[in-house]
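Q: Chains as they are written, first to last, in numbering that gives the first Met the number 0: chain A, 0 to 146; chain B, 0 to 177.
Simulated from the structure, these hints should not be mistaken for laboratory data.
Cβ atoms here follow ideal geometry from the backbone N, Cα and C, with glycine treated the same way.
Hints should not be assumed to be uniformly reliable.
[What the hints assert, rightly or not] Which chain A residues face chain B? A few, computed with CB under 8 Å, are given here:
id : residue
1  : Val34
2  : Leu49
3  : Asn113
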Amino acid sequence: MKPEAIRTFDSPDDEEQQGGTTTLPPEIYHVPLWVKGIIAAGLILFAFQLPGFKDSLVDVMRKSRALDADKAGQYAEAAKLYQELRSRYPKDKELIKKLAYAQYHAGQFAAALNTFDLLVDVELPRSEIEKINIVISDIESKLKGNK
Amino acid sequence: MFFIPASLISALTFPGVVIHELAHQLFCRFFTIPVYKVCYFRFGNPAGYVIHGESASWIHHVFVSAGPFFVNSLFGALLTFPSALRVFEFNGAATLVDGVLMWLGISIAMHSIPSTGDAKSMWAAVSGKRAPLLAKLCVSPIVGLIFILSFGSIVWLDLFYGIAVSLALPKLMVAVLT
Numbered sequence: 000m001k002p003e004a005i006r007t008f009d010s011p012d013d014e015e016q017q018g019g020t021t022t023l024p025p026e027i028y029h030v031p032l033w034v035k036g037i038i039a040a041g042l043i044l045f046a047f048q049l050p051g052f053k054d055s056l057v058d059v060m061r062k063s064r065a066l067d068a069d070k071a072g073q074y075a076e077a078a079k080l081y082q083e084l085r086s087r088y089p090k091d092k093e094l095i096k097k098l099a100y101a102q103y104h105a106g107q108f109a110a111a112l113n114t115f116d117l118l119v120d121v122e123l124p125r126s127e128i129e130k131i132n133i134v135i136s137d138i139e140s141k142l143k144g145n146k
Numbered sequence: 000m001f002f003i004p005a006s007l008i009s010a011l012t013f014p015g016v017v018i019h020e021l022a023h024q025l026f027c028r029f030f031t032i033p034v035y036k037v038c039y040f041r042f043g044n045p046a047g048y049v050i051h052g053e054s055a056s057w058i059h060h061v062f063v064s065a066g067p068f069f070v071n072s073l074f075g076a077l078l079t080f081p082s083a084l085r086v087f088e089f090n091g092a093a094t095l096v097d098g099v100l101m102w103l104g105i106s107i108a109m110h111s112i113p114s115t116g117d118a119k120s121m122w123a124a125v126s127g128k129r130a131p132l133l134a135k136l137c138v139s140p141i142v143g144l145i146f147i148l149s150f151g152s153i154v155w156l157d158l159f160y161g162i163a164v165s166l167a168l169p170k171l172m173v174a175v176l177t
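Could you put the whole structure together from the sequences, leaning on the hints where they help?
A: Next comes the structure, spelled out in structure tokens:
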């Protein structure tokens, strides 16, 4: 469709209208300020957050190693890695749960009980609560047996 | 599945619309196609548009239409790169800045997929005697795919694409380094 407007970014008149002094490509000086603002804001936030990326990457790698150790049955190693992560992400309930289970499977019963305690006020699915209760009962019976 | 009007989604993800139109404009510039008018965002359908002149080749026209796919995907991936792992891997670890950056990046990546208007324009560039049969054969699956993906936005495919774009690079780094 032929547009009504005939002014183009490549028109020589354009540069005249701009005073002919700018060296910026037309696409840049014609872009409204608010559009440039969005791009600038994005890039500033990107630059602001970038230094923290390395820590996040290391933590995700640690989490990945913890999950692998968990799957491989190396529960003590998994518990150690989860514990390190928990100190950095204390609000992550999923991490707390995984740590508690790893401690339980590693035979660190007292530590597992303390970790499960952190989930008391957390909303969990009924099936998960039942599973945790079974584990807690098992821990308590084992601790009593040891006494 | 809940339905949200497209205009509301466009308003909530307006940075994506802006970058989408900017991508068309930049590709026009790259192929020296005159640009007559650019609407970066408006409350309406379409939410943005670029009116440009005829291109010298059908390939240029295809690239202008498909430009947002490259620009929005890359810019979206770049912006979300520092925050994506913290947001998706650790609950409660995200800061307000992470949230803003993720909204910005995912909004931009969400609008990577060319619109049906872009697809129609792409098809118009190769239809009739404007381009050889080979061009039609190359472009028709792209046009078909755009229509399918556009239909997929009903089931939030564009949002899933945005999230996938934000996670792709950091996850790849984790996979390589672990």
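Q: It remains to establish, for every hint, whether it holds in the given structure.
A: Consistency of the hints with the structure:
| no. | hint | in the structure |
| --- | --- | --- |
| 1 | Val34 | holds (5 Å) |
| 2 | Leu49 | holds (5 Å) |
| 3 | Asn113 | violated (20 Å) |
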